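K.L.:
Residue numbers (the numbering used here): 1 to 77.
Please keep in mind that the hints were generated in silico from the structure rather than gathered at the bench.
What you are looking at is a predicted structure, and each value in this text was computed from that prediction instead of being measured.
The reader is advised that the hints may include incorrect statements.
As the list claims (entries may be wrong) - Just the calculated beta-carbon pair ranges, DEER-fashion:
no., residue 1, residue 2, range
1, 27, 71, 33 to 43 Å
2, 44, 3, 16 to 26 Å
3, 44, 67, 14 to 24 Å
4, 13, 73, 12 to 22 Å
Just so you know, even glycine gets a beta-carbon here, dropped at the ideal spot from N, CA and C.
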Amino acid sequence: MAFWLWCLLFAIHSFYIWWIIGYGGAKRVEGWRSFFLVSWFALDWNAEQIRMYVLLIWLISLFFFMMGVINPEYRFI
Numbered sequence: 001m002a003f004w005l006w007c008l009l010f011a012i013h014s015f016y017i018w019w020i021i022g023y024g025g026a027k028r029v030e031g032w033r034s035f036f037l038v039s040w041f042a043l044d045w046n047a048e049q050i051r052m053y054v055l056l057i058w059l060i061s062l063f064f065f066m067m068g069v070i071n072p073e074y075r076f077i
């Protein structure tokens with residue numbers, strides 16, 4: 001995968017995370033919408049649980065992003 005595409009995909013993912021954590025996205029996603037926007041097991045989670053889960057997912061994806069930046073062989077879809 002091209003470096004610019006790798007960075008663009010991470011930027012889009014980070015923008016979504018930023019909306020969930022910082023701008024009330026978790027509150028809007030609570031309930032049945034969390035099934036589609038977070039995951040199937042988040043149906044009965046409150047906003048704080050969704051924010052924590054999304055933050056952990058972002059930290060893991062940051063690790064994989066950095067691995068892809070350092071070693072281009074790790075860039076996969």
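K.L.:
So, for every hint listed, does it hold in this structure?
P.N.:
Status of the hints after comparison with the structure:
1. 27 with 71: 33 to 43 Å: holds (38 Å)
2. 44 with 3: 16 to 26 Å: Cβ of residue 44 to Cβ of residue 3: about 40 Å, so the range 16 to 26 Å is violated.
3. 44 with 67: 14 to 24 Å: violated (34 Å)
4. 13 with 73: 12 to 22 Å: holds (20 Å)
The structure does not agree with the numbered hints 2, 3 stated previously, though it agrees with the rest.
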